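Protein chains in written order, with the numbering used here: chain A, 258 to 575; chain B, 258 to 575; chain C, 41 to 400; chain D, 41 to 400.
Since the hints were derived computationally from the structure, they do not count as laboratory data. Accuracy of the hints is not assured; some may be wrong.
Unchecked claim - Which residues of chain D face chain A? A few of them, derived with a C-beta cut under 10 Å, are:
hint, residue
1, Thr99
2, Arg126
3, Gly165
4, Gly244
5, His339
6, Pro342
7, Leu348
8, Gly349
9, Ala383
10, Val387
11, Val391
12, Pro392
13, Pro394
14, Thr395
15, Phe396
Bear in mind that the values here come from a model prediction, so they are computed numbers and not experimental data. Cβ atoms here follow ideal geometry from the backbone N, Cα and C, with glycine treated the same way.
Spelled out, the chains give:
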Amino acid sequence: MTGSLDLYRAMLRIRLVEEEIAARYAEQEMRCPVHLSIGQEAVAAGVCAALRRDDQMVSTHRCHAHYLAKGGDLKAMLAEIYGKAAGCCGGRGGSMHLFDHDAGLLLSLPIVASGLPIAAGVALSFAQEGSARVAVGFCGDGSIEEGVFHETLNLAAVHRLPVLFVLENNLYSCYTGLGDRQPARPFTDLARGYAMPVETADGNDVHAVRAATGRAVGRARAGQGPTLLVFDTYRWREHCGPNYDNDAGYRTEAEFLDWKARCPLARLRAELVRDGALDEAAELAMLNAITAEIEEAFAFARAAPFPEADTVAEHVHA
Amino acid sequence: MTGSLDLYRAMLRIRLVEEEIAARYAEQEMRCPVHLSIGQEAVAAGVCAALRRDDQMVSTHRCHAHYLAKGGDLKAMLAEIYGKAAGCCGGRGGSMHLFDHDAGLLLSLPIVASGLPIAAGVALSFAQEGSARVAVGFCGDGSIEEGVFHETLNLAAVHRLPVLFVLENNLYSCYTGLGDRQPARPFTDLARGYAMPVETADGNDVHAVRAATGRAVGRARAGQGPTLLVFDTYRWREHCGPNYDNDAGYRTEAEFLDWKARCPLARLRAELVRDGALDEAAELAMLNAITAEIEEAFAFARAAPFPEADTVAEHVHA
Amino acid sequence: MPEPRILTVAEALREATDLCMRRDPRVFVMGEGVADPKAIFGTTAGLAAAHGAARVMETPIAENGFTGLAIGAAMMGRRPLIVHQRVDFALLSLEQLFNNAAKLHYVSNGRHRVPLVVRMIVGRGWGQGPAHSQSLETLFAQVPGLKVVLPATAREAKGQLIAAIEDDNPVVMIEHRWVHYATGAVPEGHYTVPLDGPRVVREGGDVTIVATSYMLLEALRAAETLAQAGIAAEVIDLAVLRPFVADPIVESVRRTGRLLCVDTGFRRYGAGAEIVASVVEQALGALKAPPVRLGLPEHPTPSSRALLGGFYPTALSIIDAAATLVGAGPARVEGPRAALAAALATVPMDVPHPTFRGPF
Amino acid sequence: MPEPRILTVAEALREATDLCMRRDPRVFVMGEGVADPKAIFGTTAGLAAAHGAARVMETPIAENGFTGLAIGAAMMGRRPLIVHQRVDFALLSLEQLFNNAAKLHYVSNGRHRVPLVVRMIVGRGWGQGPAHSQSLETLFAQVPGLKVVLPATAREAKGQLIAAIEDDNPVVMIEHRWVHYATGAVPEGHYTVPLDGPRVVREGGDVTIVATSYMLLEALRAAETLAQAGIAAEVIDLAVLRPFVADPIVESVRRTGRLLCVDTGFRRYGAGAEIVASVVEQALGALKAPPVRLGLPEHPTPSSRALLGGFYPTALSIIDAAATLVGAGPARVEGPRAALAAALATVPMDVPHPTFRGPF
Ligand SMILES: Cc1ncc(C[n+]2csc(CCOP(=O)(O)OP(=O)(O)O)c2C)c(N)n1
Ligand SMILES: Cc1ncc(C[n+]2csc(CCOP(=O)(O)OP(=O)(O)O)c2C)c(N)n1
Ligand SMILES: [Mg+2]
Ligand SMILES: [Mg+2]
């Protein structure tokens with residue numbers, strides 16, 4: 258059972274990896290789109306803390322945090338973003354296709370909501386095998402506008418599949434706010450159309466996220482079917498790329514600062530310090546360990562060889 | 258304002274047209290699939306009684322009743338089913354493509370739920386033109402399983418379009434019952450996901466259908482946006498074709514008899530007789546008038562010429 | 041030796057599915073109506089009773105959703121077979137099929153596999169109309185990562201479906217509704233017909249006729265009549281549109297010098313275009329006359345039979361095209377052609393003709 | 041006479057849209073991001089400010105839904121222009137596009153009209169990957185009732201989009217992302233470039249090169265270099281894949297005797313196949329050598345630039361194919377080819393090359 262310190266380490270690791278990607282992106286060696294998760298770390302860490310390694314998740318274009326929180330290999334992730342042969346996709350997918358099947362991040366897909374029925378299908382395979390594993394499908398607030406989100410919830414509900422749909426609401430789809438895309442109503446009402454249990458929590462409170470996920474996982478393992486989980490959070494940087502874009506005109510600096518003040522890491526850190534679970538020395542040690550790992554991983558990814566050009570036509574068919 | 262007698266006439270006309278199609282289908286002169294509406298007449302008659310002629314409806318594969326109730330031309334309908342040049346589609350569409358734009362039945366489509374976003378688009382055109390007309394999209398209980406149903410409700414809700422979504426729940430999609438396709442929950446819960454007003458009524462009670470539709474039309478004309486209407490009813494005959502199929506194994510004779518006992522026509526007739534609005538003579542006159550019209554229309558459709566073979570490549574492009 | 045077992049293609053497909061489900065517990069069937077009384081034109085008849093509802097899953101009307109569901113299950117090692125009652129409905133599932141099923145093995149550098157079979161049926165006849173009659177085989181055939189097969193005869197249909205279910209790749213099987221009626225001798229038990237390219241069905245030296253699906257049956261009927269007129273047509277069943285293999289066709293055209301392609305779908309941008317282009321690239325010099333393509337014209341399918349007279353290629357139009365191609369005057373084919381025309385005229389054109397049901 | 045006005049294709053498309061919106065109040069724009077700060081790669085920049093949110097409608101992420109919405113509005117006489125930021129996303133809307141938009145005029149016997157424009161963009165470069173880079177033009181081109189146009193140069197792009205918006209039929213415009221950067225002289229004001237077939241862009245007697253979209257720019261660059269080597273290439277912009285018109289191509293091949301097709305999408309089942317088939321049907325005798333087709337190979341688009349070296353046809357591969365086709369030894373093109381190769385090598389291959397931006 259993951260302790261608060263482990264949760265903090267997981268979130269800090271995600272934050273530092275993403276910030277290093279942002280810092281190095283201008284070098285133009287990571288030549289693919291990157292959708293950073295900075296600000297949304299608590300959802301990834303909290304959800305994964307409630308899962309077993311052999312549970313399988315399907316993620317989206319914004320998959321870095323999910324991949325890392327589930328235990329995905331950091332070197333394989335960075336090598337992929339650098340387009341190298343050692344990348345998890347051998348350089349064929351880039352940042353939006355991260356996966357580490359062994360760690361339980363089965364798949365990430367760049368098409369909005371496209372991974373949701375696949376997550377339900379993974380759950381179907383668990384049900385058919387009589388295993389107690391659960392599947393998780395991540396989606397953003399934009400994903401629920403795609404018809405396939407609804408087809409999937411209905412399919413999962415009618416077949417009582419062991420799958421969790423994790424709705425990460427960060428208020429925007431690219432540069433368009435919720436109000437321009439959906440009527441105002443609680444997201445929890447979406448679940449009623451499928452007679453599906455729903456859990457909702459502050460997406461920046463990792464404990465709340467873990468607890469809500471734990472309840473859903475319990476139901477799924479007990480054969481009680483799917484759950485919709487709704488977590489409100491916020492993307493700090495631009496939709497795609499390393500920069501801040503509060504000046505772009507679609508959202509305000511004030512809104513950003515308001516959410517930044519509710520930083521999921523700062524929140525847990527304060528608690529750890531208050532409880533004496535984290536002192537300066539321990540924090541420094543943690544920071545150094547993570548930084549060392551990240552530096553080593555970047556060094557590996559940058560030095561790693563590119564795939565051989567003549568392998569490009571391989572693996573079209575199994 | 259349509260009176261009860263007119264409502265009864267409208268339903269009786271639909272019933273008799275459908276029964277005549279069923280009776281003559283074995284002649285193999287109507288060489289296209291037919292999805293009869295016998296048993297569901299009250300929804301069509303009640304909805305259309307609350308509409309103006311210039312309101313526009315989009316229907317489904319089961320479109321006969323909607324077409325007739327909205328005032329579609331009977332001869333053009335039968336000629337279409339007979340594959341004749343005088344058909345509303347010139348013989349190009351058959352029974353699933355009925356339309357009569359002037360009467361306000363803009364379109365029928367054979368693909369489940371495919372007409373719903375089109376109905377919303379018609380409403381969008383009304384909104385853009387600042388007209389007070391409303392659009393209606395019909396759908397069955399199977400249609401709500403298609404993602405586009407949900408995409409459309411969300412689009413209509415966020416843009417507050419003057420459109421009614423009429424959900425005709427007859428418990429089955431072809432030969433598959435609701436329980437095999439959806440979790441148990443009130444259909445009205447579907448509307449909550451879109452913060453959309455919902456009206457529900459006994460689909461075999463034409464007054465209730467009309468009243469519910471009237472409320473929704475009122476909101477739409479007043480610029481208050483879309484409504485989901487849910488009407489429970491029952492298809493008496495086989496999904497596609499002229500016969501009864503209670504012996505096919507997917508539903509019971511008892512269930513059918515139970516619904517037959519709640520025949521929407523018998524119900525209104527009893528009321529009319531009780532209120533002295535319909536005596537034997539009047540009923541006989543009504544019956545004769547409708548029968549005469551139907552016989553004339555069938556005679557017309559049977560005698561009408563087929564389209565010229567060499568016109569087949571016309572109208573690919575406008 | 042025992043009487044050969046004559047089955048329809050529909051029965052052969054049912055038998056293939058049942059056999060694979062018995063051999064491999066990972067195989068399951070999913071779709072709208074797979075367990076209903078009509079059982080997908082009989083092709084899934086009895087499977088729910090034999091294998092249970094969990095392995096013959098009715099689905100909601102959600103083509104895109106259940107396609108994704110099948111992909112997820114397949115990635116985890118299950119072997120789903122999904123069915124669409126019309127190709128027209130499958131259009132709703134192309135995002136899953138093209139972006140995911142077709143690409144996951146490639147983008148995962150070979151780690152993921154999607155052993156998925158997607159059956160879809162081409163409607164024809166009885167006033168089907170424009171949105172219940174599309175074939176669209178080159179739409180699927182152009183996507184790398186998919187395999188695309190169009191069965192035409194019973195023995196092959198069974199073997200091709202078994203091969204598809206046992207294949208580790210996503211396989212799209214496009215079945216023409218009228219092919220379901222075709223009969224032929226079908227071996228008992230397990231065998232496969234590999235999904236590896238065209239197959240010479242009838243040998244001849246005068247003209248090479250390449251056809252798929254129902255048009256193969258029309259072509260075979262035409263070849264018989266042509267033979268009576270002394271014209272020897274070699275008939276090739278393209279069968280597998282992806283992976284595309286031209287060699288047997290090129291080789292045949294090198295001998296005949298004449299190529300006639302008959303598409304089940306549209307002529308424009310059809311499989312015939314790829315066949316002609318591939319042949320001229322490799323055997324331009326062998327062509328004694330310009331290749332000819334038949335296929336559907338450039339408009340939707342009207343419902344009324346009065347408008348369909350010239351819509352579908354027929355044995356007669358194939359005969360005429362082949363005769364012209366070999367430079368035979370109308371006189372030469374006139375007799376046998378007239379006899380065939382008379383036989384065909386006995387049945388309305390919007391139902392399948394008994395003499396096209398084989399046995400093949 | 042005044043300096044010609046040089047615009048990018050993106051600016052030309054923006055100008056065309058703005059102009060049509062000013063001329064016709066029924067025209068409106070709808071899609072994901074049409075009113076956001078990125079404004080569909082600038083092609084809708086400023087339109088929301090100029091015409092209001094009601095005419096430049098942001099939509100939910102619901103490609104199938106808003107396509108149906110546009111069809112309904114178009115049937116009622118409005119003139120919607122919808123945009124997909126990638127062709128890959130448009131796959132979700134094919135049921136609406138193929139079954140409804142393309143067929144409603146036909147099935148209503150000419151009574152319904154669907155004056156709809158669907159813009160979609162082909163991604164390339166910067167590691168786009170397999171599901172953000174598909175072109176799939178023949179997927180759309182095979183459906184009767186649609187018109188399909190692929191702009192390549194600025195003047196034509198503006199005129200083609202105006203023609204599309206004023207057309208009473210559904211028109212699919214497939215825009216290559218790198219074509220957006222191409223510049224050219226663009227007339228002020230209203231004019232149309234009819235959607236009626238290919239256009240000879242450069243005259244030459246040795247070989248006919250037919251290309252579309254970004255490949256036209258590569259072909260033109262190749263033709264320049266070929267000219268330096270004394271090889272006169274006639275370059276034809278296919279531009280409109282549906283309705284398909286072969287005549288100018290056939291006519292050109294009658295003169296050159298040699299045909300080279302360069303597809304922006306897949307080579308297999310690509311537009312080149314239809315072109316080659318149509319040419320041999322009409323002008324087999326004129327061919328001095330087997331036609332050659334270039335296009336994308338039969339695998340998905342990998343993300344890493346290390347794997348993309350041979351994926352896309354380039355001016356260099358076009359030069360090599362053309363030289364071989366006209367029987368010119370490597371020696372003859374060597375010099376100019378080397379110079380071009382050197383120029384190209386100065387820029388990474390996953391970003392568009394400045395010398396391919398025109399002005400054309
Ligand atoms: C089907 C489809 N449509 C559009 C896009 C373009 N797109 C990429 S990410 C994105 C935003 C999705 O928003 P959300 O689901 O809220 O995820 P977030 O980016 O906020 O994490 C869009 C529209 C896409 N990838 N797929
Ligand atoms: C996209 C699509 N999938 C499947 C079908 C086949 N189909 C025709 S009618 C029908 C049943 C629809 O049920 P419902 O919406 O309840 O309408 P009802 O027939 O009961 O009136 C189905 C599945 C279709 N026409 N379109
Ligand atoms: Mg979001
Ligand atoms: Mg129903």
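For each hint, the structure was consulted:
The beta carbon of Thr99/D comes within 7 Å of a beta carbon in chain A, closer than 10 Å, and the hint placing it at the interface holds. The criterion of a C-beta within 10 Å of any C-beta in chain A is met by Arg126/D, whose closest approach is roughly 9 Å, and the hint holds. Of the supplied interface hints, the one on Gly165/D holds, with its beta-carbon coming within about 9 Å of a beta-carbon of chain A, less than 10 Å. Interface hint status for Gly244/D: violated, as the beta-carbon distance to the closest one in chain A is roughly 33 Å, over 10 Å.
Look at His339/D: its Cβ gets to within about 5 Å of chain A, closer than 10 Å, so that hint holds up. Look at Pro342/D: its Cβ gets to within about 4 Å of chain A, closer than 10 Å, so that hint holds up. The beta carbon of Leu348/D is positioned within 10 Å of a beta carbon in chain A (closest approach about 8 Å), and the interface hint is therefore held. Interface hint at Gly349/D: satisfied, since its Cβ lies 5 Å from the closest Cβ of chain A, which is below the 10 Å cut-off.
Below 10 Å, beta-carbon pairs count as interface contacts, and Ala383/D has none with chain A, the closest being about 21 Å; its hint is therefore violated. Interface restraint check: Val387/D against chain A, minimum CB-CB distance 12 Å, threshold 10 Å, status violated. At its closest, the beta carbon of Val391/D sits 9 Å from a beta carbon of chain A; the interface hint therefore holds under the 10 Å criterion. A least Cβ separation of about 14 Å between Pro392/D and chain A goes past the 10 Å threshold, and the interface hint is therefore violated.
Here the hint on Pro394/D is broken, as its CB sits about 17 Å from the closest CB of chain A, past 10 Å. Given the 10 Å rule on beta carbons, the hint for Thr395/D is violated: about 20 Å separates it from the nearest Cβ of chain A. Look at Phe396/D: its Cβ only gets to about 19 Å from chain A, farther than 10 Å, so that hint breaks.
Hints 4, 9, 10, 12, 13, 14, 15 from the earlier list are contradicted by this structure; the remaining hints agree with it.
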